[in-house]
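Peer 1: Given only the sequences and the hints, what does the whole structure look like? Please build it.
In the order they appear, the protein sequences are chains A and B. The first sequence begins at 52 in this note's numbering and counts up one residue at a time. The second sequence begins at 74 in this note's numbering and counts up one residue at a time.
The hints are simulated quantities; they were obtained by calculation from the structure and are not laboratory data. Source: prediction; values computed, not measured. The reader is advised that the hints may include incorrect statements.
Straight-line distance between alpha carbons at most 16 angstroms, and here's what the computed EDC-like set of lysine to aspartate or glutamate pairs gives [what the hints assert, rightly or not]:
1) LYS131/B - ASP306/A
2) LYS183/A - GLU264/A
3) LYS62/A - ASP106/B
4) LYS182/B - ASP306/A
5) LYS457/A - GLU560/A
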Amino acid sequence: MFLRGETTMKKLMLGNEAIARGVYEAGATVATAYPGTPSTEITENIAKYDEIYSEWAPNEKVALEVAIGASVAGARAVCAMKHVGLNVAADPLFTASYTGVNGGLVLFVADDPGMHSSQNEQDTRIMARGAKVPVLEPSDSSECKEFAKAAFRISEEFDTPVIVRLTTRVAHSQGIVELSDKEDYRIKPYVKDPVKYVMMPAMARKRHLAVEERMARLREYADNSPLNRIEWGDKKIGVITSGISYQYSREAFGDVSYLKLGMVHPLPEKLIREFAGQVETLYVIEELEPFIENQCLKMGLKVIGKELLPVTGEYSAALIREKVLGKSFEKLNNLEDTAPPRPPVLCAGCPHRGTYYVLKKLRLTVTGDIGCYTLGALAPLESLDTCVCMGAGIGMAHGMEKALGKEKSRKTVAVIGDSTFIHSGITGLIDMVYNKGTGTVIILDNSITGMTGHQHHPATGFTIRGEPTKQVDLVKLCQAVGVERVRVCDPFDLEGFEKAVKEEIEADEPSVIIARRSCALLKGVKFGPILSIDSEKCTRCRMCMRLGCPAIVDRSDHIEINPTQCVGCELCARVCRFGAIGKAGDSNE
Amino acid sequence: MNNTNIMIVGVGGQGTLLASRILGDAALNTGLDVKVSEVHGMSQRGGSVVTYVKMGKKVHSPVVEKGEADIILCFEKLEALRWIDYAKKDARIIINDQRIDPMPVIIGKATYPDSIIEKIKAEYPNAVDVPALDIARECGSIKAVNVVMVGVMARHSEVPKEVWLDAIEKTVKPQFIELNKKAFNTGYDYAGNLLNR
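Peer 2: In structure tokens, the structure reads:
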């Protein structure tokens, strides 16, 4: 660990951690977010600074609204989210662009090219262009910290929210960061100013003009900003690039000329022309959309980019070498074996396994949602039918009922996690109740935000810093919106859970089953000793294999439990009809 | 282009992240530029995971490309095979002799390849295998597999042992420091015996 206040100290930091450090050094005092890979560690690290108030908000829209409020009040405020989170927060963003700020307001938005952990690979720069807010794009951890601080200055100077766009490889790579002292930022006074902050038509018309005037000033700033720089090398090749693509380009092209853009919206047209005029062949290297490239084309420049490189997936130095320079990789070995894929799986002991086992057995149509439980779509559970966005499962189940009619849609249920339900499931449920739906919603309550690495949320009863707080009671919440059939079940009580599901899908009114069992990775979750299979009792019926547990393996002549993977949850013992699965004796190890 | 490129490959949940952080911290002490690329999110749930540690005078991309790895630390045999194309011909490849079946194998849609270690050794002269799981178990916890592997690797590095132990102390939770030091030392000694064989 480093010592606070100590200068010229170097530390290896994740991009997200460096962002948090930048936020601290800038003197920001309010931070809010909903977790989402690859952005989660920004707020987790901010929460370690006592000087900054931090919170997990129920969703990104609320988070941004909190940050806007803090900014209007005069504080430097931040809000972090993944790319799809910005869709949820788009409503406040597009109008906060009109109101502008008081204290600096910065959004850290992490895109996920290659979709390591996302449902789409949308490009935040396009969203920012729509909202007419500037975008900075760091290339490594050191820039993450510096750009975070620069973002506050730009926000205040130009009276605008600023987006710092990250991508997975920047957010989740560690690099060396030099630490500086905290700026002495004093909260600005709040002055009532309805023409600036009350966006009704008469005022908003004025503010839209201010936004356009601001964009013009920002374009000028971009041409002279130290965030954008030319690195001259061999002028036969010039590369315009930004973010992680800059790093890949440096490795692939070597000592050529670079226009490295730290500010990617608005683009520095003069600087681009100056650079383009001095190089023979001009490439634009950028992941995802041809954002810079299209601007260059619009300016009438001859550039090479997406004609050689894809708009899909992540780039790499190797990809650029192959597609642009025609140098492909030659295999160094004669190994012919190919490794079978290893997709992610629900962990051993995962509560969702019990839920999906029952839903598959009942052959239900299951509209799903975003979380660990999306993995229930994969073999052998294969229970999930859909996954679109946070909260979508409930609305989609309701839509299916309205399309097919009550009887034909009886075998449909929606599943949604506890955190996701709070995020945006509750509004779908209200729709179902209000519009006389009869659907069944199963809330997979594992008492934590799982996939992003265990963050608290309003229904866990703890804050981001682990302090006890009011806990949303999911049962009462569902009852309060008009669901009369609400029950809590343990998804590992397979018989009881199956009975509950059968009863609720038969009911002619909306119903909620809260499948409650903690995430197996949570501290304090204790199972019994690990299990083993008695080969003499085992008939090899393979019922246990249907659970898709990573600990149970078929060794072709027998089925066994891998003792390094088993956590002793006993779900397999519950499905075994022959009593062949029991506690592993010492002799079995 | 004289960077040292290290990859740690394994199965989500095996502790590759912690291992890469120990490596990163040790590398920082060498005074060189360092980048460490990690994997978070969905792949961490039992999927194939890879982290990269690169060090040198100046590191640009945090990612190691095919044919560029000087060292690959393989926490699981199948993952060794999956990432083997990333190794240089003379790469030091350290393979934990542990098998974790992926779901397609478990449900019978794919087979786990035979004799992976032998095949890799036949192609790569500097490949070694380590019973890291057994060593970790003897040290007190199978969860220490990652640090056993770091210990094996450390023996092949030029970074002094104290730097590694210091990195472990800074990286792991206080209650696990002793266990992890023991795991590191046992791995380190095991590698020493391999060298002397």
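Peer 1: Decide, hint by hint, whether the structure agrees.
Peer 2: Tested hints:
no. : hint                : result
1   : LYS131/B - ASP306/A : holds (13 angstroms)
2   : LYS183/A - GLU264/A : holds (11 angstroms)
3   : LYS62/A - ASP106/B  : holds (11 angstroms)
4   : LYS182/B - ASP306/A : violated (48 angstroms)
5   : LYS457/A - GLU560/A : holds (10 angstroms)
The structure is inconsistent with hint 4 alone, although it conforms to all the rest.
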